[in-house]
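Visitor: Heads up: the protein sequence lines correspond to chains A and B, in order. Residues in the first sequence are numbered consecutively from 2, following our numbering. Residues in the second sequence are numbered consecutively from 529, following our numbering.
Everything labelled a hint here was simulated from the structure, so no lab data went into it. The reader is advised that the hints may include incorrect statements.
Only pairs whose alpha carbons sit at most 25 Å apart, straight line, appear in this in silico BS3-like list of lysine-lysine [stated by the list, open to error]:
| no. | chain 1 | residue 1 | chain 2 | residue 2 |
| --- | --- | --- | --- | --- |
| 1 | A | 130 | B | 559 |
| 2 | B | 558 | A | 130 |
| 3 | B | 628 | A | 73 |
| 4 | A | 44 | B | 592 |
| 5 | B | 659 | A | 3 |
| 6 | A | 44 | B | 641 |
| 7 | B | 558 | B | 592 |
| 8 | A | 44 | B | 559 |
| 9 | A | 44 | A | 97 |
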Amino acid sequence: LKTLHLGSCVITTNLQEMRNGFSEIRDRVLAEDEIIDVRILRKMVSLQDTEPAGQCCLLRHVLRLYLDKVFKNYQTPDHHILRKLSSLANSFLTIKKDLRLCHDRMTCPCWEEAMEKYSRILSHFEELKPREAVVKALGELDILLRWMEEAE
Amino acid sequence: MKNILQWSPPEGLQGAEVTYTVRYFIYGQKKWLSKSECRNILRTYCNLSAETSDYEHQYYARVKAVWGTNCSKGAQTGRFYPFLETRIGPPEVALTTDKKSISIVLTAPEKWKKDPEESSISMQQIYSNLKYHVSIYNAKANKTWSQCVTNQMLVLSWLEPDTLYCVHVASFVPGPPRLAQPSEKQCVSTLKDPASALK
Numbered sequence: 002l003k004t005l006h007l008g009s010c011v012i013t014t015n016l017q018e019m020r021n022g023f024s025e026i027r028d029r030v031l032a033e034d035e036i037i038d039v040r041i042l043r044k045m046v047s048l049q050d051t052e053p054a055g056q057c058c059l060l061r062h063v064l065r066l067y068l069d070k071v072f073k074n075y076q077t078p079d080h081h082i083l084r085k086l087s088s089l090a091n092s093f094l095t096i097k098k099d100l101r102l103c104h105d106r107m108t109c110p111c112w113e114e115a116m117e118k119y120s121r122i123l124s125h126f127e128e129l130k131p132r133e134a135v136v137k138a139l140g141e142l143d144i145l146l147r148w149m150e151e152a153e
Numbered sequence: 529m530k531n532i533l534q535w536s537p538p539e540g541l542q543g544a545e546v547t548y549t550v551r552y553f554i555y556g557q558k559k560w561l562s563k564s565e566c567r568n569i570l571r572t573y574c575n576l577s578a579e580t581s582d583y584e585h586q587y588y589a590r591v592k593a594v595w596g597t598n599c600s601k602g603a604q605t606g607r608f609y610p611f612l613e614t615r616i617g618p619p620e621v622a623l624t625t626d627k628k629s630i631s632i633v634l635t636a637p638e639k640w641k642k643d644p645e646e647s648s649i650s651m652q653q654i655y656s657n658l659k660y661h662v663s664i665y666n667a668k669a670n671k672t673w674s675q676c677v678t679n680q681m682l683v684l685s686w687l688e689p690d691t692l693y694c695v696h697v698a699s700f701v702p703g704p705p706r707l708a709q710p711s712e713k714q715c716v717s718t719l720k721d722p723a724s725a726l727k
């Protein structure tokens with residue numbers, strides 16, 4: 002288990018397991034994304050470029066985006082991919098619950114900077130057609146996992 | 529993070545005079561970029577280390593072949609993520625011996641740098657969870673064992689005196705499998721034990 006420090010919100014998560022799980026399906030998922038000049042999770046909206054106090058809020062919203070709009074809407078006949086994504090989604094759900102606890106304890110404030118960054122992520126996502134956005138967001142799980150690793 | 533793009537000649541054209549032009553793309557940006565040293569070249573590789581040195585970005589590369597008046601479509605790579613996919617070189621290994629122990633000091637490998645004058649970046653700075661797989665061979669007993677360590681200093685104790693031991697070490701990052709490149713094998717002998725000489 003790894004400890005993530007998101008401002009004063011501290012949680013533990015199975016980052017290594019998520020990384021291993023995604024690496025098994027990464028090439029196949031990436032092969033579906035043919036739009037190479039658009040990136041949803043850009044450097045300037047990254048967790049690392051966000052004030053520590055706002056990192057929890059940003060991550061919470063991004064995880065909600067993945068749970069509500071990405072994992073739920075991705076379709077493939079490939080059962081192996083579906084199994085791996087299901088386990089990733091469960092891990093995200095666990096993290097989101099922990100972040101919710103931080104929210105309840107007032108250690109996950111949503112200030113302007115975090116919300117502004119999340120709205121930019123959302124607009125990058127919504128600029129694309131639904132299927133394209135879902136596939137691209139999945140292909141960028143690498144980046145999201147890296148953001149979380151950097152918060153160790 | 530030394531990233532070399534390699535390709536094979538088009539089928540049926542081995543031996544023909546084919547020239548290649550390479551371009552690369554930073555994922556999420558807008559233009560294909562070219563590298564002058566890899567324009568109209570005869571060789572089938574191109575060093576894109578400098579162009580892909582920001583390991584937080586992800587990249588594509590494309591190669592076009594020209595022979596006579598013919599020009600091929602571009603062959604394109606998948607998305608390449610140096611941070612995840614780079615092969616991590618071996619550490620530097622320094623051994624010192626005693627009668628029944630060997631001290632091993634490991635120095636993390638350094639990130640590839642274009643200009644030798646540049647300041648070095650240790651791979652330890654990039655991968656905070658960098659670990660080492662140490663293999664030890666007892667030549668007298670013909671036995672090998674190994675250990676995984678995180679810190680850069682390791683003492684092998686309870687060894688046999690006056691015995692040749694060989695060590696090689698590979699760096700690795702926990703997570704998706706990567707190709708490992710172990711260090712050169714280094715052998716040292718533990719010192720003689722004067723006490724046993726008196727018996």
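Visitor: Among the hints numbered above, which are violated by the structure, and what are their numbers in rising order?
Guide: The structure conflicts with hints 3 and 4, although it agrees with all the remaining ones.
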